[in-house]
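Trainee: Let the sequences and hints guide you as you build the complete structure.
Just so you know, the protein sequences line up as chains B and P, in that order.
Numbering of the first sequence is given in my numbering, commencing with residue 1 and proceeding in unit increments.
Numbering of the second sequence is given in my numbering, commencing with residue 1 and proceeding in unit increments.
Be aware that a few hints might be false.
Under 8 Å between C-beta atoms, here's a sample of chain B residues computed to sit facing chain P [to be verified]:
| # | residue |
| --- | --- |
| 1 | Asn165 |
| 2 | Val166 |
| 3 | Pro197 |
| 4 | Leu198 |
| 5 | Leu200 |
| 6 | Ile201 |
| 7 | Asn202 |
| 8 | Pro203 |
| 9 | Trp224 |
| 10 | Pro226 |
| 11 | Thr228 |
| 12 | Glu229 |
Please keep in mind that the hints were generated in silico from the structure rather than gathered at the bench.
Glycine included, C-beta positions come from ideal geometry on N, C-alpha and C.
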Amino acid sequence: MMLNKVLYHSVTVFDLMVVAIILIIAMVIAKALSLYLKRFLREKASKGHLEVLVKVTSYSIFIIALIVVLPLLGVRLSGLLVAGGIAGLAIGFASQSVIGNLISGLFLMLERPFAIGSVINVDGTVGIVEDIRIISTTLRTFDGPLMRLPNQKIFTANITNYAVNVARRFEYVIGIRYSDNADKAIEIIKNLIQEHPLVLINPAPMVFVDNLGDSSVNIIARIWAPATEWFGVKMELLWKIKQALEKEGIEIPFPQHVVWFANELSAREMRGPESDNPDY
Amino acid sequence: MFGQYDIPISIEQEEITLSVQKEGESLLYRRACLGETVEKMLVAGDGKVLLNPVEPVNKPKSLASHLLIELEKTMQIEPKGTRDIFLTFPVEIAVFIPSNEEFEVIDVFTLPRQKLTLYGDPVNGVICKYWKSSIYPAEPSLNRMQEGLIELSVTNTTTSWIEVTKAVFNAYGMKIYYDDDKASMKANMRLKGGQSAETEFIDEPVEEGMTKSLEIYTAGKLSVSRKKFLMEFGV
Chain B
1 MMLNKVLYHS VTVFDLMVVA IILIIAMVIA KALSLYLKRF LREKASKGHL
51 EVLVKVTSYS IFIIALIVVL PLLGVRLSGL LVAGGIAGLA IGFASQSVIG
101 NLISGLFLML ERPFAIGSVI NVDGTVGIVE DIRIISTTLR TFDGPLMRLP
151 NQKIFTANIT NYAVNVARRF EYVIGIRYSD NADKAIEIIK NLIQEHPLVL
201 INPAPMVFVD NLGDSSVNII ARIWAPATEW FGVKMELLWK IKQALEKEGI
251 EIPFPQHVVW FANELSAREM RGPESDNPDY
Chain P
1 MFGQYDIPIS IEQEEITLSV QKEGESLLYR RACLGETVEK MLVAGDGKVL
51 LNPVEPVNKP KSLASHLLIE LEKTMQIEPK GTRDIFLTFP VEIAVFIPSN
101 EEFEVIDVFT LPRQKLTLYG DPVNGVICKY WKSSIYPAEP SLNRMQEGLI
151 ELSVTNTTTS WIEVTKAVFN AYGMKIYYDD DKASMKANMR LKGGQSAETE
201 FIDEPVEEGM TKSLEIYTAG KLSVSRKKFL MEFGV
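Mentor: And the structure:
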């Protein structure tokens with residue numbers, strides 16, 4: 001029989017046919033799984049990330065198929081397993097962080113807490129996301145440099161995404177003197193805020209006396225602006241508020257302490273008995 | 001002010017000064033409006049300039065793609081009732097330069113107050129150009145440089161009375177028509193519940209003989225499939 005013809009060692013033509021069939025089945029499974037993943041994750045992951053995921057899945061299926069067919073081709077896996085076990089241990093220790101980053105990267109791609117172009121804060125590092133790769137994510141901080149952050153670090157860190165909403169609120173604390181009219185100051189600030197075209201009508205800005213501080217009456221102004229514009233509006237408005245208040249005679253006071261002498265006479269004694277000038 | 005002009009032109013109207021003058025082989029475009037000035041050198045063109053009202057969402061910045069009109073007084077609509085009303089909208093004027101049968105926007109300006117607002121919540125809502133309008137039972141006389149007219153047909157499809165305080169429109173579907181007196185649009189608003197409604201524009205002038213405005217996004221070759229807007233955060 002042709003099928004039982006031994007080619008080398010104990011490998012027959014039949015074995016080769018089985019190997020070929022297993023590899024073809026593996027190819028079909030890999031292709032079907034790739035198509036399924038592409039359809040299922042089309043909306044959830046970006047094109048680049050999806051390609052990586054599909055390739056990793058396809059190669060994994062091929063590797064499994066290869067492990068299955070190797071004994072049929074006369075390759076003893078027991079020897080490979082011993083050698084592979086030791087090598088695997090060494091590689092495992094060496095690539096622990098790489099695998100951790102890889103898995104974190106996959107989860108980040110699926111969870112998508114931010115996208116390329118988002119402004120995020122990762123444990124105090126603020127920047128614009130330049131790229132999200134399988135192992136690391138690149139941030140461009142606002143002073144220019146690119147920062148590469150391992151995905152594992154990002155995955156376990158507290159992330160604040162500043163650009164996920166269409167609008168964002170910011171606030172000022174404006175201190176005025178106790179002698180100034182707080183109602184008038186609030187009206188001036190409100191008018192100035194409402195004049196700005198990029199300050200949103202709704203949610204309405206809030207301006208109110210928040211607390212009576214040591215040196216000033218503290219007024220809080222809470223303002224909403226489009227998420228892409230809030231910083232420009234914040235930079236522009238504060239100085240205008242200061243100028244408008246000063247124009248109306250309302251001043252932002254320096255920190256100050258009023259000191260009362262318990263015994264005025266002893267204070268005079270310290271200046272000397274001959275001094276009659278109280279301002280000295 | 002709306003219409004097509006032959007270059008050179010010089011227009012002064014209300015607080016707008018606009019001119020296009022030849023400077024050698026090129027054209028110099030100058031515009032001043034409410035303290036904002038623009039100067040551009042135009043290297044090509046067919047010797048003409050088109051000025052017409054466009055979708056009022058470009059100013060103060062191209063951030064919004066919707067127009068929210070807040071009604072000065074709320075309007076109660078009876079169950080299954082329909083009412084035609086007139087509202088106003090802020091006029092934004094675009095300057096187009098035709099070249100090889102295509103139009104390019106070179107500038108947009110506006111006279112009325114420019115404000116933005118948020119419709120919905122900060123997560124799911126949309127940034128809208130804001131405008132406050134009275135409700136007119138008949139066509140009012142308006143300053144056409146500042147205010148345009150929307151003929152709005154409001155239909156209550158429910159079996160309860162509904163109070164309407166605002167209308168939100170997708171600016172990409174707007175169809176603006178103009179003549180010597182006014183810029184205008186026609187739109188429908190179908191109330192689907194106490195908190196939701198659907199708005200869309202009708203591609204018809206409010207009167208015969210009006211000229212259709214060139215839309216910015218048509219000129220910019222931006223295709224937009226969804227022209228209706230579903231108001232799901234309150235009406």
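Trainee: Against this structure, judge whether each hint is valid.
Mentor: Here is what the structure says about each hint:
no. : hint   : in the structure
1   : Asn165 : 4 Å, holds
2   : Val166 : 5 Å, holds
3   : Pro197 : 4 Å, holds
4   : Leu198 : 6 Å, holds
5   : Leu200 : 5 Å, holds
6   : Ile201 : 4 Å, holds
7   : Asn202 : 5 Å, holds
8   : Pro203 : 6 Å, holds
9   : Trp224 : 7 Å, holds
10  : Pro226 : 5 Å, holds
11  : Thr228 : 7 Å, holds
12  : Glu229 : 7 Å, holds
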